[in-house]
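Participant: So you can see what is in the structure, the chains are spelled out below.
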Amino acid sequence: MTATDYNFAYLDEQTKRMIRRTILKALAIPGYQAPFASREMPMPYGWGTGGVQVTAAVLTPEDRLKVIDQGADDTTNAVSIRRFFARTAGVATTEATTEATVIQTRHRIPETPLTEGQILVYQVPIPEPLRFLEPRETETRKMHSLEEYGLMHVKLYEDIARHGAIATAYAYPVKVEGRYVMDPSPIPKFDNPKLCSPAIQLFGAGREQRIYALPPHCSVVSLDFEDHPFEPSKADAACGLCGATDSYLDEVITDDEGGRMFLCSDTDYCAGRQAAGHRGAAQEDAA
Amino acid sequence: MNAPAPVVASDAPLLRVRGLEKRYGARIGCAAVSFDLWPGEVMGIVGESGSGKSTLLGCLAGHMAPDAGEVLFDVGGVLRDTARMAEAERRRLARTDWAFVHQHAHEGLRMGVSAGGNVGERLMAVGARHYGDIRAQALDWLGRVEIAADRIDDRPTAFSGGMRQRLQIARNLVTGPRLVFMDEPTGGLDVSVQARLLDLLRGLVREMGLSAIIVTHDLAVVRLLADRLMVMKDGLVVEQGLTDQVLDDPQHAYTQLLVASVLQV
Ligand SMILES: Nc1ncnc2c1ncn2[C@@H]1O[C@H](COP(=O)(O)OP(=O)(O)OP(=O)(O)O)[C@@H](O)[C@H]1O
Ligand SMILES: [Mg+2]
Chain A
1 MTATDYNFAY
11 LDEQTKRMIR
21 RTILKALAIP
31 GYQAPFASRE
41 MPMPYGWGTG
51 GVQVTAAVLT
61 PEDRLKVIDQ
71 GADDTTNAVS
81 IRRFFARTAG
91 VATTEATTEA
101 TVIQTRHRIP
111 ETPLTEGQIL
121 VYQVPIPEPL
131 RFLEPRETET
141 RKMHSLEEYG
151 LMHVKLYEDI
161 ARHGAIATAY
171 AYPVKVEGRY
181 VMDPSPIPKF
191 DNPKLCSPAI
201 QLFGAGREQR
211 IYALPPHCSV
221 VSLDFEDHPF
231 EPSKADAACG
241 LCGATDSYLD
251 EVITDDEGGR
261 MFLCSDTDYC
271 AGRQAAGHRG
281 AAQEDAA
Chain B
1001 MNAPAPVVAS
1011 DAPLLRVRGL
1021 EKRYGARIGC
1031 AAVSFDLWPG
1041 EVMGIVGESG
1051 SGKSTLLGCL
1061 AGHMAPDAGE
1071 VLFDVGGVLR
1081 DTARMAEAER
1091 RRLARTDWAF
1101 VHQHAHEGLR
1111 MGVSAGGNVG
1121 ERLMAVGARH
1131 YGDIRAQALD
1141 WLGRVEIAAD
1151 RIDDRPTAFS
1161 GGMRQRLQIA
1171 RNLVTGPRLV
1181 FMDEPTGGLD
1191 VSVQARLLDL
1201 LRGLVREMGL
1211 SAIIVTHDLA
1221 VVRLLADRLM
1231 VMKDGLVVEQ
1241 GLTDQVLDDP
1251 QHAYTQLLVA
1261 SVLQV
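Keeping their order, the protein sequence lines are chains A and B.
Okay, so the first sequence: first residue is 1 according to my numbering, each after it adds one.
Okay, so the second sequence: first residue is 1001 according to my numbering, each after it adds one.
These are computed hints drawn from the structure, not numbers from a lab.
These numbers come from a predicted model, not from an experiment.
For every residue, glycine included, the Cβ atom is placed at its ideal position computed from N, Cα and C.
It is possible that part of the hints are untrue.
Stated by the list, open to error - Examples of chain A residues toward chain B, derived with CB under 8 Å: (1) R131; (2) I160; (3) H228.
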């Protein structure tokens, strides 16, 4: 089968129009989970089918696409999605955050601040922030429509009671434009402040058939208590490769003796800093 | 023992019910129910199984929509029909002005949430955002329902039936509701556990001046707690009046049977 056998970006035009209508609705009601008829994609659920459908619906031939998985451009998942669109849409791809017009992501927001005109598409496994305490879908929908969000604080209360502090480190719930409570997908809470952005942010959940969105510059507040305020914390360390102290770090095991090192999870950011001459402890040891 | 005399603090009822009816298809759940409940008053509803007690309570508390009639509740000095108000407003009343104690505690508790979280939920639902304050109030309420402070972080799954029921009561009363609905609050518990729970309820009712509607088939509960009594049969109210009057001098043949059967036990 050749690339020309596909419609542009794989999905047929009617499906893309349906998804675009849902995206517009989601943008008009920030944080609201708009339902859509999710299509079969040539990849299993859990591999970002929601994000892929949203990306397919917003891509134009002029776009330049970046795909990251946990901040990295070179993981299997990121590479296969990037290749998928290079083949089915023929769009240019890039690893540079600043050059991308559309970025599909799983579990991270790039460190380099996004700008107006960029679109960030999230892959979302579970869109419902209330699911943890209220499994009934009819009830959670009602709670959203009636703005009954006490339960979200019960979850945070339980965290503090059990761990002495809010232990939720990923998928930290936010309130959007003072109205809808939203799950920002499993990004680290370190990324939450970046949710207030000049870029358009779209969230796609394939299995659960929901799309939600943050239009540029909308207000996104992380839930907390007065005496336990939200803290966008991260490992208190510097990147071993580029020395960055302001980026989100992964701890990686470097040898069989249990040696460990912190590295930027955003590979493009790290590479950019190294190219600009920044060096971390590991690089200096090697030198 | 006699129930305390009703405290009538206002010249308007807290709740006024007129011509209430609920059907399940052709079958009557309850019908032609009318009464007034005054502030500080406790009303008991008794009747045999299937007589419509839970159906009536469910309609009053907004859990189900009646087919006819009015349920007028005092909202800021105005009697409003809660059966016809917007769901958002009714649910707001349900988590502020009303409380509902279920017979089976697990229906009224979050079993996966700690005792403290269960009590704190209503506080957080009405906007409490200070963890220390919420916890202090939860502790205070656990004490009032005789649950040891060191159980605050345990889940109700680790509690006995009596403790769960007391936790459910604390969770409901923490925000100081104006009207408490209880459906068989002592049902399904051991006799000694029932007695302790009744004692506790009576203390709280007196201390807080609670207005309450209590469904039960246990006349001892009614004697102890209720100022007024309503007797139901086949979905209809067959007799109502002051508790002592109804129990000591029942007029309707069915009530006479009910009272007599209890005395025989
Ligand atoms: N969901 C339902 N569907 C159909 N009929 C129902 C339903 N719930 C109750 N009924 C019927 O309505 C009538 C009143 O039932 P209800 O549960 O209100 O009685 P009750 O007085 O609370 O009984 P119990 O003492 O056993 O709790 C009964 O005839 C019952 O069978
Ligand atoms: Mg019943």
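Participant: For which of the previously enumerated hints does the structure constitute a violation, in increasing order of number?
Facilitator: The structure breaks only hint 1.
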